[in-house]
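2 protein chains.
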Amino acid sequence: MNAEIITIGDEILIGQITDTNSAFLGKQLNKIGIDVVQITSIKDEENIIIKALEDAETRADIIITTGGLGPTKDDLTKHTLCKYFNDELVMDQKTLEHIEMIFKKYINHPILEANRSQANLPSKCIALQNKYGTAPGMWFEKDEKVFVSLPGVPFEMKALVNNEMIPRLKDRFNRPFIVHKTVLTYGLGESAIADKIEEWENNLPDFIKLAYLPSLGRVRLRLTARGNDEDLLIKGVNESVKSLHDYIGDIIKGYEDENSIEEQIGSILTEKGLSLATAESFTGGKLASIFTSVPGASAYFKGSIVSYATSAKQEVLGVPEDLITQHSVVSEEVAKEMVTRVKNMFSTDIAISTTGNAGPTKGDSDAEIGTVFIGIAFKTKVMVEKFNFGNHRERVTQKAVNKSLEMIFDLLSKN
Amino acid sequence: MNAEIITIGDEILIGQITDTNSAFLGKQLNKIGIDVVQITSIKDEENIIIKALEDAETRADIIITTGGLGPTKDDLTKHTLCKYFNDELVMDQKTLEHIEMIFKKYINHPILEANRSQANLPSKCIALQNKYGTAPGMWFEKDEKVFVSLPGVPFEMKALVNNEMIPRLKDRFNRPFIVHKTVLTYGLGESAIADKIEEWENNLPDFIKLAYLPSLGRVRLRLTARGNDEDLLIKGVNESVKSLHDYIGDIIKGYEDENSIEEQIGSILTEKGLSLATAESFTGGKLASIFTSVPGASAYFKGSIVSYATSAKQEVLGVPEDLITQHSVVSEEVAKEMVTRVKNMFSTDIAISTTGNAGPTKGDSDAEIGTVFIGIAFKTKVMVEKFNFGNHRERVTQKAVNKSLEMIFDLLSKN
Chain A
2 MNAEIITIGD EILIGQITDT NSAFLGKQLN KIGIDVVQIT SIKDEENIII
52 KALEDAETRA DIIITTGGLG PTKDDLTKHT LCKYFNDELV MDQKTLEHIE
102 MIFKKYINHP ILEANRSQAN LPSKCIALQN KYGTAPGMWF EKDEKVFVSL
152 PGVPFEMKAL VNNEMIPRLK DRFNRPFIVH KTVLTYGLGE SAIADKIEEW
202 ENNLPDFIKL AYLPSLGRVR LRLTARGNDE DLLIKGVNES VKSLHDYIGD
252 IIKGYEDENS IEEQIGSILT EKGLSLATAE SFTGGKLASI FTSVPGASAY
302 FKGSIVSYAT SAKQEVLGVP EDLITQHSVV SEEVAKEMVT RVKNMFSTDI
352 AISTTGNAGP TKGDSDAEIG TVFIGIAFKT KVMVEKFNFG NHRERVTQKA
402 VNKSLEMIFD LLSKN
Chain B
2 MNAEIITIGD EILIGQITDT NSAFLGKQLN KIGIDVVQIT SIKDEENIII
52 KALEDAETRA DIIITTGGLG PTKDDLTKHT LCKYFNDELV MDQKTLEHIE
102 MIFKKYINHP ILEANRSQAN LPSKCIALQN KYGTAPGMWF EKDEKVFVSL
152 PGVPFEMKAL VNNEMIPRLK DRFNRPFIVH KTVLTYGLGE SAIADKIEEW
202 ENNLPDFIKL AYLPSLGRVR LRLTARGNDE DLLIKGVNES VKSLHDYIGD
252 IIKGYEDENS IEEQIGSILT EKGLSLATAE SFTGGKLASI FTSVPGASAY
302 FKGSIVSYAT SAKQEVLGVP EDLITQHSVV SEEVAKEMVT RVKNMFSTDI
352 AISTTGNAGP TKGDSDAEIG TVFIGIAFKT KVMVEKFNFG NHRERVTQKA
402 VNKSLEMIFD LLSKN
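Order-wise, the sequence lines are chains A and B. Numbering of the first sequence is given in our numbering, commencing with residue 2 and proceeding in unit increments. Numbering of the second sequence is given in our numbering, commencing with residue 2 and proceeding in unit increments.
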């Protein structure tokens, strides 16, 4: 059972927006055993959309389009779907009522003809009501294949997928099972890991596929099992992961399944009743932003001091000027002082601090570009680690964020 | 002159990572007049890669692949390219020396055979040296078409594109010009704008195409002109934008060309010698993170207090407990106090504060979900605006971030 995703609109092709919808769809479909075989981004032109639909039909059982459903002239997905299914638009009363309700409740200008016409839908489709917007989703069936058209606005699309599309796909198709387990490793490169686990990899059962996902400072190893007996798949994956520990147990720091590392940190903090704050220099609020992106973060995340400027480290965090003059802002001593002070300011159990030179220029410190100090305070203990994350601004920052998450995760696993 | 991008690897299809490479490539290619006609994400399997290359050849002059160049077993792009071009792998001495240098300089374990073999390249390709990694890019030519294979790691890919691929494409092809101009509007929906500018839109010259890009709280209008006379295109676009002011001048807040709104804010702050700080509650450091993502931000951005917990608003920012008890944390008074205090703490010219209920539950305030207060302090003035951004956590947060950027931008344009 497989699917293809077609995203419609020039804004993706010219790079004005990043396509985040496809990753969301890929994840949700996988969870219910539907394999995404291709994602295709195309222009908002009738003949191109039709060709893409025809091609997708040759590859997939389920074809999902996103985008091109707005009320304005550049959006023509709906008319093209009519042509493709040899259909015509008819007014859908329930959709019209929904659009009128959305306007009454959330939009501060009168409803227009263009909005009302969003209730004109192909007669052969089932309308999927959009909880957060005026463009409905559409569900078509043709020759045993299912076509779903979704709006492009991410949170509208997500609600339609979770509330309407996924339940309908579950009813409509018998699906195999897909089981993923992703092992988080830190500290060794992709090829060094491959070298150490060669024997293990060669002995993996046929129904399990392995992929290496290197990213800055960590390599994730993804095991994917496909088949009809879910228990067998889970058992096979768990046994393989267990035996992987005999080869690289020292660098395995955890697993990422449904949950990202920040979500796992959040669960542990909530469970243990511990609180967290950050003091960030060159990471500029990225750590705080990641922690607060997790729903329920208010249970443990108290806040952050982003002391981007050296003056802010002194005036807001209270790091003594002498200490900075003596050791420079990028130093073990400053990282230690930052983390101690932020922990006291927010009265938390745990705090983390970052200070470093991400480049491209050296700024207020003579430390080599790529030099990063990360400080962690836990109860009465404070520790600082020094790193060199290389010579590229984006890489240095992302590696520091990943390393900070790893260090917190590590600390929580051991305490 | 057009291009197709093929991204290779299951991690995109199963939604484990979001494809950000394609947006970057789309933007860079557009800048030099190359139109991206399709982006295709496929599995890491030989027959699928070959079929995708064949199909892309029917649509595009330039075919760019990303991903599948790592040293491990799941990466087979290189072998597949050999098959596609009827070629064989040979050791490239310059690439080998480069890999050995990268290992010596940045990687803390010995070089392995798997890494050395990354220097085995198809004999017909030109190797493009990867400044930040061990996987080289590859450039092929066949029947007047160009094929470029790039590694999937974003910062490695970006450097290869800027330093190697773009200069070579510029040399290789005569290209038309593509001129984009994007008008930023705030405060009206897509359909209301379409209604107001219908006459203007109907009178656009044939060589200019209009697209509506709605996102939370703002609609961007993108004008795209294509042709061989760049001066004429620029003139046409500028005249159309000028006449657009007669229709919706009141909601046009600026333009987005090369530069995002945060980059434009950064330029104005730098030019005027003004400094900025933020006090963030439910936005959790997202504003700080956006401001510090702009290179050169240290010239104006001093820092942020992320006071996520109510206790942090009192203990770290110093908002009086009485004020919170009397008005609740989500109130005009608290937003005003937050912004005044953070401005003093960081000694800046400008400060911005956010407090609100993003949901899904109400938290420490009884304010309705979606209620947001944004405070701005500029020199001796403080103003607070109240908003209701609806009923979806992600939407409320993103709308508040967008609105904050708009308010700062507006303030700077008027002062």
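Misleading hints may appear alongside valid ones.
No distinction is drawn between identical chains; accordingly, a pair holds when it is met within one copy or between any pair of copies.
[Unchecked claim] Calculated lysine to aspartate or glutamate pairs in the EDC-like style (CA-CA distance at most 20 Å, straight line):
1) K404 <-> E257
2) K210 <-> D45
3) K125 <-> E55
4) K52 <-> D62
5) K182 <-> D172
6) K125 <-> E142
7) K28 <-> E395
Think of the hints as simulated: they come from the structure by calculation, not from any bench.
Against the structure, the hints come out as follows:
no. : hint          : in the structure
1   : K404 <-> E257 : within (16 Å within a copy, 34 Å between copies)
2   : K210 <-> D45  : between (36 Å within a copy, 12 Å between copies)
3   : K125 <-> E55  : within (18 Å within a copy, 35 Å between copies)
4   : K52 <-> D62   : both (16 Å within a copy, 19 Å between copies)
5   : K182 <-> D172 : neither (26 Å within a copy, 46 Å between copies)
6   : K125 <-> E142 : within (8 Å within a copy, 47 Å between copies)
7   : K28 <-> E395  : between (26 Å within a copy, 18 Å between copies)
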